[in-house]
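Engineer: So you can see what is in the structure, the chains are spelled out below.
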Amino acid sequence: MYDIMDTGFIRVLLNPGRFFEARMQGEPSLKIPALIALVMGLIGAVSVIPMTNITMAMLPAEMQGFGLLITIFLAAVAFVGGFLGWFIYSFVFYIVSMIFKGQGDLKRTVEFTGYGFLPQIFGGIIGTYFSYQLLSGLNVPPMTSPEQITEFSESLVTILATDPLAQIAGLVGILFTLWSANIWIFGMKYARNLSTRDAILTVGIPVGLYILYNLITLAGWL
Amino acid sequence: MKPIYLAIITLLCAVLAVVGPASAGPADITVTSSATDPPVLMKGDTGTLTVTIQNNGPNTVAISSAKLYGNEVVPLSDSYASVGEIGAGNSKTFTFTVRADGGEGTFYPQFVLDFRDGAGSLRYPVPVQVEDTVLSASVIGMPDAFSEGRTAEITVRVGNPRPNAASGVQVIPEGTGITVTPTGGFIGALAPDGSATVVFNLTPTTETDVAFQVIWRNGINTHTTDLVLPIAFGEDKRQADPVITNVEVTPIAGGYRIVGDVMNAGLESARSVLVSPGAPATPIDPFRVYVVGTLDPDDISSFEVTFRADAGTTEVPIVVEYRDDDGNRYAATTMVGVGSVAAAPLEERDGGIPLVGIIIVALVALGIAGAIYYSWRRT
Numbered sequence: 014m015y016d017i018m019d020t021g022f023i024r025v026l027l028n029p030g031r032f033f034e035a036r037m038q039g040e041p042s043l044k045i046p047a048l049i050a051l052v053m054g055l056i057g058a059v060s061v062i063p064m065t066n067i068t069m070a071m072l073p074a075e076m077q078g079f080g081l082l083i084t085i086f087l088a089a090v091a092f093v094g095g096f097l098g099w100f101i102y103s104f105v106f107y108i109v110s111m112i113f114k115g116q117g118d119l120k121r122t123v124e125f126t127g128y129g130f131l132p133q134i135f136g137g138i139i140g141t142y143f144s145y146q147l148l149s150g151l152n153v154p155p156m157t158s159p160e161q162i163t164e165f166s167e168s169l170v171t172i173l174a175t176d177p178l179a180q181i182a183g184l185v186g187i188l189f190t191l192w193s194a195n196i197w198i199f200g201m202k203y204a205r206n207l208s209t210r211d212a213i214l215t216v217g218i219p220v221g222l223y224i225l226y227n228l229i230t231l232a233g234w235l
Numbered sequence: 423m424k425p426i427y428l429a430i431i432t433l434l435c436a437v438l439a440v441v442g443p444a445s446a447g448p449a450d451i452t453v454t455s456s457a458t459d460p461p462v463l464m465k466g467d468t469g470t471l472t473v474t475i476q477n478n479g480p481n482t483v484a485i486s487s488a489k490l491y492g493n494e495v496v497p498l499s500d501s502y503a504s505v506g507e508i509g510a511g512n513s514k515t516f517t518f519t520v521r522a523d524g525g526e527g528t529f530y531p532q533f534v535l536d537f538r539d540g541a542g543s544l545r546y547p548v549p550v551q552v553e554d555t556v557l558s559a560s561v562i563g564m565p566d567a568f569s570e571g572r573t574a575e576i577t578v579r580v581g582n583p584r585p586n587a588a589s590g591v592q593v594i595p596e597g598t599g600i601t602v603t604p605t606g607g608f609i610g611a612l613a614p615d616g617s618a619t620v621v622f623n624l625t626p627t628t629e630t631d632v633a634f635q636v637i638w639r640n641g642i643n644t645h646t647t648d649l650v651l652p653i654a655f656g657e658d659k660r661q662a663d664p665v666i667t668n669v670e671v672t673p674i675a676g677g678y679r680i681v682g683d684v685m686n687a688g689l690e691s692a693r694s695v696l697v698s699p700g701a702p703a704t705p706i707d708p709f710r711v712y713v714v715g716t717l718d719p720d721d722i723s724s725f726e727v728t729f730r731a732d733a734g735t736t737e738v739p740i741v742v743e744y745r746d747d748d749g750n751r752y753a754a755t756t757m758v759g760v761g762s763v764a765a766a767p768l769e770e771r772d773g774g775i776p777l778v779g780i781i782i783v784a785l786v787a788l789g790i791a792g793a794i795y796y797s798w799r800r801t
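Read top to bottom, the protein sequences are chains A and B. Whatever position you read off the first sequence (first residue = 1), add 13 for the working numbering. Whatever position you read off the second sequence (first residue = 1), add 422 for the working numbering.
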């Protein structure tokens, strides 16, 4: 039985170097990281719910069933997205670290990347709260034509992009990503046996690009 | 014969030669001219008839009286009861006041001179022309349509079809519910077959009839003729016509923003053009109203307005206010649909990131920075 207290989530967040060093002693295990990805996926699925209300309000009565389907689909995508993000980051880090002649098991990389998503859970909770705040204040007019629905969706995007709440949520998300990156740096250092400098580059390049993209989107340049 | 008798006879002859012409006959008196003032009377007009006679004979002629007789042209003044003598080669003028009581045409009242001593009389028919044609008035310039409060330029032409000149011609516009400048137009004398124009700036407040009263004098007689112009409101074909196109509705924090173009599709300039959202929308900053200024025909200008609308509002009117060259205010309304656009959150937020948000971000940033710093310190 794996002892959570022994490894400690707090240690992952505050002292990842020591944590990963200790983890290197044992066999790679994806259980805890998978649990983290599961929680992330659930939070993502929950954050879709306020969108459901809007979608249902947008659609005419006879298409409510369709709206429900869309919601379930979106929730499923968000849920899977947690795992998808985990694997994508893992592979990206694995490939980038190859440039710095990193050595180590892919499974280990996947495991440590999963731990790095821990701060994202807090980020996801705060993001969901903002999402509720933002979308619950929306007034959805009844719509009859597909053109109107399209127009509404476009304006919704405009609101989500320009509303101060959305911008705060974006900034908070970036801050939590920075925290994750910090954990990943230590993770890659041990998982791929890299120097601190190479680990910083391995994580910093892809995460930096991701944050840059987010900042540009937030500032409305795209 | 005694010399005394001879002297008496000679003296008598001399006296007779001095004193006296033997009484002369009407053959020596002729009417040299006659005239009426005004030259052509109208029915009911009062004028003067002047007759001039001359003694063409070598002797003085004694005249007892001068009279005028007539039915259609009636003398109003007394006859000349005692005229006296008129010397050889002299002329004399008689003036009578007459009134045209009959119809139109040329009439011949009789001028009668009675000579003294039973020498007979002279009768002379004096021609007097009476014509009842009045001055003509017509509107030769006015706008296609009248609008309430809009000043219209109206040009009135007065013509004189009479054979004699009219004097003191003036045009006075009259009517209720109108304002006219000038309040009257003075033309003065108008020659036969002549015409003159007067321009009025007329501002109607209601649909009404305007009477342009032409007043003139024929001699000492005042006459009037009326020209009635009905003022009915209609759409001016040339007036400015602001059209709103290219409308884009965007939800913003606390309301909506409408961006679009306003174009003047009319033939006259629209001045002081203002674009604003109308009720039920409530204008909000920063663009409560958009001042476009002057829009010449075919000109286009963009505008931007921001407003708040209640939930359930599907359309809001965009009001374009403008003035014409005279300063009259007009308004054109275009409905813009906002129903298919997401209404922004109902609680109004002040544009930027709220203070609470900044505090949250700062706290989170501080916490994460602390965690990262701690993790590196422990390494």
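These are calculated hints, taken from the structure and not from any lab test. All values derive from a computational prediction rather than experimental measurement. Built from N, CA and C at the ideal position, the CB exists for glycine as well. Some hints here could point you the wrong way.
To be verified - Only some residues are given here: those of chain B computed to face chain A with a beta carbon under 8 Å:
1. Val496
2. Leu498
3. Tyr502
4. Ser504
5. Ala784
6. Ile790
7. Ile794
Engineer: Take the hints in turn and mark each one as holding or not.
Structural biologist: Status of the hints after comparison with the structure:
With its C-beta approaching chain A no nearer than about 91 Å, valine 496 of chain B sits outside the 8 Å limit, and its interface hint is violated. The interface hint given for leucine 498 of chain B is broken, as the beta carbon of that residue sits about 91 Å from the closest beta carbon of chain A, more than 8 Å. Because the closest C-beta pair between tyrosine 502 of chain B and chain A is about 104 Å apart, greater than 8 Å, the hint is violated. For the restraint placing serine 504 of chain B at the interface with chain A, the shortest Cβ-Cβ distance is roughly 110 Å, beyond the 8 Å limit, so the hint is violated.
For alanine 784 of chain B, the interface hint is violated, the least distance from its beta-carbon to any beta-carbon of chain A being 10 Å, above 8 Å. Interface restraint check for isoleucine 790 of chain B: the shortest CB-CB distance to chain A comes to about 5 Å, inside 8 Å, so the restraint holds. Against a cut-off of 8 Å between C-beta atoms, the interface hint on isoleucine 794 of chain B holds, since the closest Cβ of chain A lies about 5 Å away.
Violated hints, in rising order: 1, 2, 3, 4, 5; the structure is consistent with all others.
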